[in-house]
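Add chain Z to chain F, keeping to what the hints say.
Same order as they appear, the protein sequences are chains F and Z. FYI, in the working numbering the residues of the first sequence are 1 to 148. FYI, in the working numbering the residues of the second sequence are 1001 to 1308.
In silico DSBU-like pairs for lysine-lysine, Cα to Cα no more than 35 Å straight-line:
1) K1251(Z) with K1222(Z)
2) K135(F) with K1222(Z)
3) K98(F) with K1077(Z)
4) K143(F) with K1222(Z)
5) K86(F) with K26(F)
6) K1032(Z) with K1281(Z)
7) K56(F) with K1281(Z)
8) K1281(Z) with K1063(Z)
9) K26(F) with K1242(Z)
10) K143(F) with K91(F)
11) K1058(Z) with K1172(Z)
12) K1242(Z) with K44(F)
13) K1284(Z) with K143(F)
14) K1274(Z) with K107(F)
Hints were generated in silico from the structure; no laboratory data involved.
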Amino acid sequence: MKRIVIGLLVGCIAAGAALAQDGAIKRRQALMGQNGESAELITKMLKGEVPYDATKVAAAMTAIGGTTDEFITLFPEGTAGTADKKGNDAKPEIWQNKADFAARAMKLKQDSGLAVAAAAGGAQNFLPVFAELGKTCQGCHEKYQFQR
Amino acid sequence: MHRRNAAFFAAVLISSAATAAFGQTSPNGVGKPNLQNGRYMYTAGGCASCHAAPASAKCDEPKAADDLKPVGGRCLKTDFGTFYVPNITPDKTVGLGGWTEQDFITSMTQGTSPSGDNLYPAFPYASYQRMKRSDLVDLWAFLKTLEPIASTVPDHDLSFPYNIRSGLSVWKGLYLDGKIFTPDPSKSAQINRGAYLVEGPGHCGECHTPRDTLGGIIGAKKLGGAPDPEGKGFTPNITPDKTGIGSWSEKDISFSLQTGFTPSGDIMGGAMAKVQQNMAKLTKDDRDAIAAYLKSIPPVESQHSKKK
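Next up, chain Z with everything else stripped away, as it sits in the complex:
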């Protein structure tokens, strides 16, 4: 793996100092990462759902596997080509075993690997950059407790020009602002918690917000529904518009995240199935917070209406 240099160590020292100064390492107050919170973030982010092994016959279908073995290898077929989701177990050769905490934070917030390569935004770092540093530290500590599994993953198979990683610097310049989520003081603590979960770890907008031609999300249409990134349909509008979930109550939203059942008795299928199963593992307070936030955002009108 990549040789570390003095500047890098300096960066680590500075960040450690900053971390200590803001007390961010210790949501539990004793200076050690909170593994329980790390695992919670792992669930909220749905890490295992994407970093799953592929089903034997089709790479784009995740194998029904152990959530604690994120060996990767399943593929995402997009307009840009086929992405193969990496192994994020702490294996030293093919996983994240050689990474430092700072490497992890840099990948999650800047989309850059330890070797300095740009990561493709199929890995939703444009959302993860919003995460609190303490949550990232906890998540990293949790990932390190997983079993290292030396399972290799094919290289991405992308068409030109998307196969040129350096080209992503332009994309990053446009869509990465490096801003950590800041609560809106005019909103309740509950709405702010929901906003954090939706925009940070939950990365809901990666599918539910439409993208421009360069693949950046369109802020003005936040969560207003979008063509499915894998080209199989339309990801619903989840804003409080009549073409979205305007007719749903907060209770409806929270209940659907808990059980998968929509108010009309339909069940959340497709890619949302795995997401819902993860949401069901969060606390009721957090599902309620997500619901409160979704009801508080500006309604966006979409072409496709949510099926009743």
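For reference, chain F alone in the conformation it holds in the complex:
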């Protein structure tokens, strides 16, 4: 009886951990998806497909900057992806370089702040600031995401 209870408990804890891992993966993917939508809107404006709207640009940049603190907490042990990208495409290198990973997220937050401030300057002036933010995105994707 005791053994069964212990067995069930261990099973529950393992299942709970798996659920938590799954939740973390889903949540970080959702945040990154949200950032993608913010960036998509900006690219459309910079390409002239939709009118440049400084208020919306600032809001999108604020949204990106608002994801970073939570984002870096969403990488519990055991949630690395694999090269075939089944499940997720996070490279194991993230866990070997957690300080660098967090520093890059912090840089994105800073870049977002600068971009919010630059939004009012119009599309021409905003483009280089956005491109700079893009380099921060890219640096992380290059190092920590399995290639698409």
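For chain Z alone, coordinates are given in the frame of chain F:
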């Protein structure tokens, strides 16, 4: 280094004569190589991205280093074994310091080193053979202006039979035709410029075109996407198919090469990150030309679709 012989000098003389006859040495019209264009070709070809020093911990990761110090040493891990990318600074002992212009052109277009050895096509000479001779002359002149750095690089570590360089003669017979890019008169000057950049210096097909079992690119599936040569995923289909970038406009392509952002707000990562950074340094006209060309090629359907 290798002793030169009479035949070689004759070849140099003939090529110099040919060069003079076609006025190829001088895109700037004064008979001297155009260093600015040489540097531009160096960027378009992404020379520094591959010939980088390795990151300290992992050889397959390039160290974030000075683009003007192509000391090599980073590795490419492939199914054939591990390639170590050579030093192409003008150092006399370990770099290209002892090479002549003709040595350089021969390596870029025929995949043969000055000592007569076959070079492995991890060095994308099957693309570089398409380059205009004037661009190669300019590129060589630019490389010679770089600082010589005596940084040694390990030998390639390849499995049998790939470690037998002479075996590459067969590969070359199959995939090297020695043809310099010729413009298609039925297409616009812009599309032809884009085609040249993609197929010559930009060597896009080396990753984006699938290869047959012998490692030669499959012409019928040009730019239709392929397994990543380093085995880490799939290099996207960049033809105008629905499984490729059919939904992208020319502006989308040009903008993504400029900023790294795809139309869906994704960012170009992986090996494309460095390529994109180089493309961002080209002129807008050239990025637009690449876009126009990519929209003009036959669509190829691929198994993997481009992630939206």
